[in-house]
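Colleague: Sequence:
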Amino acid sequence: MSLSFLRSSSSIIQCQVVLLDNSQFITSFEQKTVKGNELLDRVCDKIQVPLYYKQYFGLQYIDREDGELVWLNLEKELPPQRKSKPLLFQFAVKVFPRDPLKVEENLQWLILLQVKALINRGKFSLPVSKHAMIDGFYVQATLGDFSGKRHKPGYLEELLGLFYFPPTGINTDENISEESYEVMVKDLHKSHRGMTRKEAVSAALDVCKELDNYGACLHYGISDHNGEEVVFCVTVDGMRICHLKSKFPEVDEVCHSFQWRDIISMFCDNAKFYMYVEETKEEQKSTCHVFHFSKGLFAYKAAQRLMIDAENHQKFFFEDNPESATLIRSRSLEMQSLNRIRNGSLLSAKLNLSFRKQK
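In terms of my numbering, the sequence shown is numbered consecutively and its last residue is 349.
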């Protein structure tokens, strides 16, 4: 093997991306450094995501230290490859639109695939009947009209493969056998005869958008100032903070609800997440809420992930409300300046105290 070939092959960056339909997209870059945006552009071109809607999606990878899914920073360079193994990523919906029925047909399909994946991973709690409704429309969109000749017993699992999961203990408290659930979905599939793919996808999303916590990124393992465990629900409208009475937070468990226009500033420091919230607009008073992540050695990573999700969702609010964005940013700068002054004063006091002790 020639030296020139070794040099050229060492500069190739290979990437493997799992798409929302569980297919794989493999691509390579013949350059030494590649930014995340370049890879996302290729993926979006592959599945025909329009440029404007690209902001709803992102790429995730598994953190080597704590095994959690992390959003790839699109402004930074891709991490280095390990030997000859390709870099592995997962294409996913980063921010859900408020009304998925108002986006383009191709994007509706991607959103439906993401919701189904989240349901199968236990990220939603829903009754068996609603789960079956979503699957019934999904089957119609995927396979078309029911046919007794083509769709024999077991056809759901056989034809849909990884896309078909009956309800389990991870997303419902109800008990139902696989056979009973298949009959339920098959009957619904039969009833959708004549429905076009577009109509079936829209009908499925109409059910999805009414689910509790649709569009919410949930963050667990957090305690408030009283030491009570809470869960953060981050959405395009703001953040809900719920007492963790059950695995899935419900409306009556909300202890705080903040819109983005009321959140002046937020930052994380090690395992703590700080949020300054405007209390009275007339007096321009704010309250600092402090939350602590309790995931041991990697708690600071969990705090960073919450911060990233918050910033991603807040950006959409700013785009829809530019006047509020200007006000919040100016007040955030004031808050950061005030924090620097406070921290500087605190450091000065500590230094003076240390100097006195030495004397």
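Check the hints yourself; a few may be wrong.
Calculated lysine to any residue pairs in the SDA-like style (CA-CA distance at most 20 Å, straight line) [unchecked claim]:
1. Lys188 x Leu10
2. Lys120 x Glu65
3. Lys25 x Glu65
4. Lys120 x Glu147
5. Lys305 x His215
6. Lys285 x Asn260
No lab work stands behind these hints, which were simulated from the structure alone.
Colleague: Would you list, in rising numerical order, the hints stated earlier that this structure does not obey?
Modeller: 2, 5
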